Structures are given as C-alpha cells and as structure tokens.
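Fit chain E to the known structure of chain V by using the hints.
Protein chains in written order, with this note's numbering: chain V, 1 to 114; chain E, 1 to 115.
Treat each hint with caution, since some may be false.
Said to hold, decoys possible - Straight-line alpha carbon distances no greater than 30 Å define the calculated DSS-like cross-link-like pairs of lysine-lysine that follow:
1) V:K40 x E:K26
2) E:K26 x V:K41
3) V:K53 x V:K41
4) E:K70 x V:K41
5) V:K36 x V:K9
6) V:K40 x E:K70
7) V:K18 x V:K40
8) V:K9 x V:K22
9) V:K41 x V:K18
10) V:K36 x E:K70
11) V:K38 x V:K53
12) V:K36 x E:K26
13) V:K40 x V:K22
14) E:K70 x E:K56
15) E:K69 x V:K41
16) E:K56 x V:K40
17) V:K40 x E:K69
18) E:K69 x E:K26
19) V:K19 x V:K9
20) E:K56 x E:K69
21) V:K19 x V:K40
22) E:K56 x V:K41
23) V:K19 x V:K36
24) V:K53 x V:K22
25) V:K38 x E:K70
26) E:K70 x E:K26
27) V:K36 x V:K22
28) V:K38 x E:K26
Unchecked claim - One side of the interface only, derived from the structure: several residues of chain E facing chain V at Cβ under 7 Å:
29) R41
30) L43
31) H45
32) F88
33) D92
Since the hints were derived computationally from the structure, they do not count as laboratory data. Keep in mind it's a predicted model, so treat the numbers as computed, not measured. We put the beta carbon where it would ideally sit given N, CA and C, even for glycine.
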Amino acid sequence: DTEVTQTPKHLVMGMTNKKSLKCEQHMGHRAMYWYKQKAKKPPELMFVYSYEKLSINESVPSRFSPECPNSSLLNLHLHALQPEDSALYLCASSQESSGSGTQYFGPGTRLTVL
Amino acid sequence: SQQGEEDPQALSIQEGENATMNCSYKTSINNLQWYRQNSGRGLVHLILIRSNEREKHSGRLRVTLDTSKKSSSLLITASRAADTASYFCATDNNAGGTSYGKLTFGQGTILTVHP
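So here's chain E without its partners, still in its complex pose:
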C-alpha cells in the first residue's frame, strides 16, 4: 500500500471539539508534513516535524511523531467550522541527498466541523 496511510478517512465533529488524525508510513523519513486542502483548492502547508523531533506545536495544532512505530498524529484543538477541509500527511524520504523534497502524500482525512 501507499506510503502515508491516514485514518480515519472521514471525521465529523462539532465546533469546539478536538479532532485527531493519524498517519502511518512504511520507510524511513527525513521529515513528515501535514497539509490542508479546502475543497478543490491548492494545499496549504500546516506544520513540519523532523525525524529527530517527537512533538511540535503551531497555534491550535499539535503534531506528534513516533519513528519507532512509523506513525504521526495531528491534533486540532477547539475546532472551528473554518477547519472543515481535507488533511494530508506527506513524508519526505529524501535519501538521495537532493536539494528538493520529494513528498509522498497519504490518502487524507476529510474533516467536517459542524457549527
């Protein structure tokens, strides 16, 4: 299966609740990133966590990384209707030492936050 599998595939919550999405991957990575995509639009970078980091925060976002389990989670606290979007994890396993990041995206989680 594809590098970067996410669960759940879809998540429906009420405003103010927390949303947790999980991502698993198969090969070693340099970093793992999370992106958000509003319907039919481009992707927006949310947060990057390097392979030697375990947890990172950005505003209402918290990302954890467990390289021993090859998994990551994205927590959105106090969710808002505007958080409704698809969320993708993406792994950078740039083993070739190139100057660019080749990302492999997970299948994504569709988050719906009801007002």
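Just chain V, with the same shape it has in the complex:
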C-alpha cells in the first residue's frame, strides 16, 4: 500500500467552529508532514512529526494544533480559524533514516473558512 489518505476531501467551517483533518498511511513511514497550499502557490511546510514526536513547527498559529496518535495517523485540529486560512491542506509521509527525502502526498483537504 503506497497511499496516503486524507479526510475529509472538502470542509467548510465558520470562524467559531472546531474541526479536525485526518491523514493516514500504512507504508511504515515514521515521518509525517502537514503542508498548507494557497491557489497557484507552492506547498508551505507547517509541521513535521518524526517517530510520533513533533520535530518542526514552522511558526504556525496556535489555532492549528497537530496530533500524531500513532505512527500511521496524523491529525490537524482547527479552531477559531480566519478566512485567510482557506487553502488546500496536504499531508505527506516519508521513510525514516533513508536519507532520500522522498515524500508521498495525500490528495489534500480543501478547507473553506467563512
């Protein structure tokens, strides 16, 4: 299985809502990533988890809260978002210790904040 899955595919939420994005992989990868991508822009790294521990937080606002319950799952909890947070949120995973850096991406969650 070489697939990264993300749910939901689309999400519309108000600024006072709390929602979560989910990501799953069964490739045995030990590094998982969240990216944010605005239209016609490249993906921007938000968080990196390595061996289920948060390794990188790219100065992301606290209204985004990542969680890695186990080595296969990655969540992104959303609270009190702003309209400018509307974007495509991509999850990715990569092998540990391979040094290759190749990342496998999910299809993304299209988030709209009203």
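Chain E in isolation, oriented as in the chain V frame:
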C-alpha cells in the same frame, strides 16, 4: 527570495513537443526532487537527484543538476495532454542530519500541453 525558483512560470506546448523547466536554488542541498500536481490535487513524486549526481532519467523524464550553478532542469520528452499539470522542484538541505527530509518547494511551472 525563496529557495527553489522556477522558470518559466507557465509553459504552453503542443503534444509531441518537449518541455523544459528550470529550477534555481540558493543553499547547498542533499538532493533535489521534482513533483507534479494536477489541478487541486496532491503532489506526485517524479524523480530525485542527489547532489553528487549530474543527470537522471525516468521514462520520458530527464533531470540534470548543476551544483556549481545551483540549478536543475526537468525535460519531458514527447509530451502528452495528460502531462498538463504544475511542476515543482523541491530542495532537501537536510544539514541537521535528521531522519526526515525537510523540503523547500519552488514556485512551480504550469505546463499546458495542447492535443
């Protein structure tokens, strides 16, 4: 400016023609990767070239890397309408020796291949 700048920003060609995209970067790297993204979808890894490699092939793809000029090019030969997508280069400058690759993406090239 951002690590990984690409040109052209947009490229429009006919089926059967070759497409060349270029990427420049600023810092030393471990490897450089190319990804494809169809409209509004996830990224698909195409090819990885390590810093000690100069050229790599994969099917209709050819990637070159010139570390002295800090640049790379992606050539797609005999293009097809299905190649229409955005193409991103991404650099891995994993100087910290961590077990994961922190990628920095270029701005991307939008390729349109007309049937």
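A quick look at each hint next to the structure:
1. V:K40 x E:K26: Satisfied, since the Cα-Cα distance of roughly 22 Å is no more than 30 Å.
2. E:K26 x V:K41: holds (19 Å)
3. V:K53 x V:K41: holds (28 Å)
4. E:K70 x V:K41: holds (22 Å)
5. V:K36 x V:K9: holds (14 Å)
6. V:K40 x E:K70: Judged against 30 Å, a Cα distance of about 24 Å means the pair holds.
7. V:K18 x V:K40: Since the Cα atoms of K18 (chain V) and K40 (chain V) sit roughly 27 Å apart, the hinted pair holds (cutoff 30 Å).
8. V:K9 x V:K22: holds (10 Å)
9. V:K41 x V:K18: holds (26 Å)
10. V:K36 x E:K70: holds (26 Å)
11. V:K38 x V:K53: Holds - the C-alpha atoms of K53 (chain V) and K38 (chain V) are around 27 Å apart, at most 30 Å.
12. V:K36 x E:K26: Judged against 30 Å, a Cα distance of about 23 Å means the pair holds.
13. V:K40 x V:K22: holds (24 Å)
14. E:K70 x E:K56: The given pair, whose Cα atoms are some 16 Å apart, holds under the 30 Å limit.
15. E:K69 x V:K41: Cα-Cα ~25 Å, so holds.
16. E:K56 x V:K40: holds (28 Å)
17. V:K40 x E:K69: Holds. K40 (chain V) to K69 (chain E) sits at ~27 Å (cutoff 30 Å).
18. E:K69 x E:K26: holds (9 Å)
19. V:K19 x V:K9: holds (13 Å)
20. E:K56 x E:K69: holds (17 Å)
21. V:K19 x V:K40: holds (25 Å)
22. E:K56 x V:K41: OK: K56 (chain E) and K41 (chain V) at ~27 Å, within 30 Å.
23. V:K19 x V:K36: holds (16 Å)
24. V:K53 x V:K22: holds (17 Å)
25. V:K38 x E:K70: holds (27 Å)
26. E:K70 x E:K26: holds (7 Å)
27. V:K36 x V:K22: holds (14 Å)
28. V:K38 x E:K26: holds (23 Å)
29. R41: Cβ of R41 (chain E) sits 6 Å from chain V, so the hint holds.
30. L43: holds (4 Å)
31. H45: holds (5 Å)
32. F88: holds (6 Å)
33. D92: holds (4 Å)
Of the numbered hints stated above, none is contradicted by the structure.
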